[in-house]
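Student: Full structure from sequences and hints, please.
Number of protein chains: 2
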Amino acid sequence: MRSAPLVALVLGVASVVRADEGMWLFNQPPRSILAERYQFTPDDAWLQHLQKSCVRMGASGSFVSQDGLLLSNHHVGAGALEKLSTPEKNYLHDGFYAHSPADELKCPDMEVNVLQSIEDVSARVNTAVPANADAATAFAARRRIIAEIEKESLDKTGLKSDVVTLWQGGTYHLYRYKRYTDVRIVFAPEQQIAFYGGDPDNFEFPRYDYDVCFFRVYEDDKPAKTADFLKFSPSGPATGELVFVAGHPGGTGRLLTMTELDDLRDLALPMRLASLKRRETLLVNWSERSEENARRARGLLFVIQNSRKASDGRLAGLLDPALMAAKTRAEADFKARLAGKAEFSDALAAYDKIAGATKIQAAQAVRSSLLEGGTGFDCESFRIARTLLRATEERAKPNGDRLREFSDANKASLELGLFSPKPIYTDLEILTLSDALTFLATQCGGDDLLVKKVLAGKSPHDRALQLINETRVRDVGFRKQVYEGGTKAVAAANDPMIELARLVDPEARALRKVAEEQSEMKQQAHGAIARAANTLLGTGGNRYPDATGTLRLSFGTVKGYDEDGKAVAPLTTFVGLYGRTLEMEGRPPFDLPANWKRGQNRLDLSTPYNFISTCDIIGGNSGSPVVNRNGDFVGIIFDGNLQSLPWDYAFDDRQGRATAVDSAAILEGLDKVYRVKGLVRELLDGRLSKHVSN
Amino acid sequence: MRSAPLVALVLGVASVVRADEGMWLFNQPPRSILAERYQFTPDDAWLQHLQKSCVRMGASGSFVSQDGLLLSNHHVGAGALEKLSTPEKNYLHDGFYAHSPADELKCPDMEVNVLQSIEDVSARVNTAVPANADAATAFAARRRIIAEIEKESLDKTGLKSDVVTLWQGGTYHLYRYKRYTDVRIVFAPEQQIAFYGGDPDNFEFPRYDYDVCFFRVYEDDKPAKTADFLKFSPSGPATGELVFVAGHPGGTGRLLTMTELDDLRDLALPMRLASLKRRETLLVNWSERSEENARRARGLLFVIQNSRKASDGRLAGLLDPALMAAKTRAEADFKARLAGKAEFSDALAAYDKIAGATKIQAAQAVRSSLLEGGTGFDCESFRIARTLLRATEERAKPNGDRLREFSDANKASLELGLFSPKPIYTDLEILTLSDALTFLATQCGGDDLLVKKVLAGKSPHDRALQLINETRVRDVGFRKQVYEGGTKAVAAANDPMIELARLVDPEARALRKVAEEQSEMKQQAHGAIARAANTLLGTGGNRYPDATGTLRLSFGTVKGYDEDGKAVAPLTTFVGLYGRTLEMEGRPPFDLPANWKRGQNRLDLSTPYNFISTCDIIGGNSGSPVVNRNGDFVGIIFDGNLQSLPWDYAFDDRQGRATAVDSAAILEGLDKVYRVKGLVRELLDGRLSKHVSN
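Sequence lines, in order, name chains D and W. Residues 665 to 1358, numbered by this note's numbering, are exactly what the first sequence covers, in order. Residues 665 to 1358, numbered by this note's numbering, are exactly what the second sequence covers, in order.
Simulated from the structure, these hints should not be mistaken for lab results. Any given hint could turn out to be false.
Put simply, identical chains are the same to the list, so a pair is met inside one copy or across any two.
[Said to hold, decoys possible] Calculated cross-link-like contacts (lysine to any residue; reagent style SDA-like; alpha-carbon spacing at most 25 Å): (1) K1023 <-> G1109; (2) K1261 <-> G1250; (3) K1230 <-> W950; (4) K999 <-> A989; (5) K999 <-> G1110; (6) K1230 <-> T1090; (7) K842 <-> E814; (8) K1117 <-> M922; (9) K1122 <-> D1228; (10) K973 <-> G963; (11) K1017 <-> R806; (12) K973 <-> A958; (13) K1177 <-> G1150; (14) K1336 <-> A1155; (15) K1230 <-> A958; (16) K1116 <-> A938; (17) K1086 <-> H713; (18) K770 <-> K1116; (19) K824 <-> G743; (20) K747 <-> P887; (21) K1122 <-> D1349; (22) K1230 <-> N1133; (23) K1117 <-> T992; (24) K1261 <-> T1271; (25) K1122 <-> A980.
Model, not experiment: these values are computed from the prediction.
Tutor: Laid out in structure tokens, this is it:
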């Protein structure tokens, strides 16, 4: 069925959209498409209400009561839960429920932003940039006017103000946010049910995850009044129903040129995948040797496996000739429209500039990844050592001349990371560094001069052993001391890992410099193409810009698909959850928390659990509310299926789907499994219940 | 400790050995080394007795009673156990014991060979080869004289007679074997205890495997009389004790030149490892999605994981600068001895010939592996399809002109494999073929012309789906029909998988032709080097030839080692087995068979279980007896540790060790866990016990 005619496939660059594609701007919604296809015309009030009910918090979330109750994914709250946990009380593993607002747990460093208004400031930005300036001058002028607009807005409104660069520089919009910095945890399920099925079921469908976490925002130590919140539907969406997703997709590359896509397909993604699979094999096998190994490697292994699945999915998209042929055609068509027109000559020339820059980056990709990307020295100790070395070197330079992670603006977060007391395990460090040095040696060849210096006459294993055993960078006190002491203290420490970083740094920095120059060149070229496209095709309700981590609206229907000739139904139920557990004999990651074992008999097992829709999402949409025509909350996005992974490059709803937890399942779980009556009542009433005891 | 001075490291090419290195010929034993280092001089009777007590049976084994009782590894007998199993009775999983000879199970196709004599026939072979013949003429003449010698010997003695090429062609020895073809299973433990710890503990030490299997050879339907057998020691070896291993190491590359080792290190092994890790990740993750997936992938996954561990270990050896520096030095020293001497000019020139051939092979290695190696089409269906295509094409040619696997001599085994009714799983086929086609496309680039033809306008997944669903090669009847029908029937079948094989075949065959020509050239060059080395250094008791799958003698001591500063003891006990199970909470592959759970209280838990020694072994040594100075059986080799894996290229006993089951543990297990009193009595008495009932 995947080889059916490609009627639904739609492409970014120069096309207008078909199918249920699009991450639409709230100030340029797809009104005519919705009217024509679904006979639905959202008015301004509908859009405003949804916009102000949504929040940005790393990823996405939404208010679901007038008293600041906020719903997002468990995996969005996981960091906070981990920070709040103690050796005695593991909230991440065991879950949490506050029986009253007084019991709610304040997150140490969480910020929630609610978009209040959008203003087009393109004219002001573009006017401030001299017409025939070179790239550097234009860049500086743009940076200046943007900072000015943001400061002016903040002073005037008191709202957090960000100028957002859309269409690769074609348009500039000013986004103003109301900020909440007192965010507390109300309810979290056990991680085991939130991420039920673990890596094996990650990005798959059917799916059985209760990936939710409730927070509450506070002002003046009291639950904030949130007049805009989503009415919680006790029944979820029907199959085939039109639904909307409002959230913060992080970034897409749908306007990448063919030369960039070819590079991703033939070089960047295969290289990345080989590295991920090598490291996954290493950690899986080390983990199998003991429980303690498994515990130590778990976090890193999750990141690697998640990334490996995502990259495999993206590569599959780029190897779909239908997708690539359509992209090729669209690019050729658009170039034909540019040809021979003086005003578009820079846009036409941009394609060759992008191809040239991509080629230069590709030529040094392997070595750049090893030396600057650090894949040749993969361990925490090396990352710390290099940060110490570079931080002290960079600090001596003017702010504007530094590598970006060492700017004054980044100082606080840099130091937070650098002085983190998180445990670093010697055995795991030796394991990953040995493997990385082996990889370095085989990729560069064992006779490479830098490799010989790096290994210092030892085998990769012996060298890793020596470096990890002799370095002092795992001691936070040592880090602080040399960081504060500056370059002299770093040199005096004569630490073998810092000296290794120093040995590699000249070539690493040189590789980075080339890569960054080429990236800047590509960005400017993309801006030229985007401006031409906007002139020729408009930027209104028929096209949308690549995702930028800002609020977007998607739409689609609840819909199954065919996979290898088999129909995949659009939703699962609790029956499926218990069936999957039985089928896998309850072995991790298919084991159920005690609450869910005990709750089985109380649950209405036919309740819809997870559902899929054709809504256009990407990483960053986690926690986005799914709403119906009424704007009621009917579900929460937490994942996409494997076939949605190529959506980085092109939307395709033949099989690609966004995955959500059904609102009916959320309620049923709270009510029957956790029996948190107060929270259930608040969701149904839309306000805090004073008189329910749990 | 690994970076200690390299006093013990010893190298092949042109050195004489130090340390406990060597896979010695029985007719050229290291008498002076043993005398000097261990004050032990094995006499001819000692050697003859050991030689005739050993057997070749795929891998290795030895007689342990006068009534034909034969001991090898469980993993050597696994194939036979699998063939004898039925859906009702799974001997591989459950184990087997014959309470009396009448109950012993005849293996369907097992052959056991016992070496009776060795005769040097080098003069006769070399005389028959014309002095200045070109390579092809020399090759043919050699082949003719060898066949003549073998036939003459068989006719005269009735013994199986093989001329063995030693020293890469420097020497020819005639080996005569007594054959047994009636081999029966006496006792096998459960696979779970034989391969306890599975892949995570494979190649590791400490180790806890009961990897033994007892057979009995028969003549005229009666237990054969085997006058030469090893006396079974009830107590195993002591730490530090001198021990010997007699067995059939399959092949080593200790005489490879530096250019060949560099190629292995920088290209061949990294390429192989990337492929193995890619496939392992694929199968591990697919297996985790369901029990049935896991069952279907298990066999393939074992082979991949075993190979991955072995290749990682070999690569680590080649990245040990100490090892490579010593090899480099030895080669340079030897070349210096050749220089300027006319009689060695061919040997000196051989190095460049080998370098040239290696370079040609390396240049086409990626494409050769994909197209001819078949890694670009990894599935059973493709292998079958190509065999059908080629078998029918090759059959039309004279025997001598065919690809070697289609020779008349190979016909029976080819057809056995081709018409095997073993199950082929459609879902697993689609999985591996999708992954392989993805790999093919990324390696060759998505715009490669052959790749485009292979994918036929589809994505790798869709193309795999179509090929696997539409091919008929999984039907054994179809295979027979087109195989017998010849090229016309193959063409008429118009099977999509066969047609894919046909599409790829011209380039695949061309790549193979180049690779084989270069291999032949390398072989001849190696012969020249070996002859020069033999002339300069001798072939007696101070040097040994690379392993050739024939009987060899190794020696060493029972000895622990230091790993990353921690001491690894030279032996484990049953306490360790139960401790490991407890530590891993009995999860597979650390679960114990019921017999071993029940037997725990009966066992003397302090019994030595697995031990390591510095004896020089390699693949093929599995099942080799370990004997002491008295020639008594004290253990059985079943593995080496990770650090022994580079022994393919150079022996190094700083950490490398051979792993064996202790004879004391074998007895204790038979006695207390399995309570097979008859077998215990036979081992202690050295003959069948008539009066013991079990």
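Student: Against the structure, test the hints numbered earlier, and report the numbers of the ones violated in rising order.
Tutor: Result: hints 14, 17, 18, 21 break, sorted rising.
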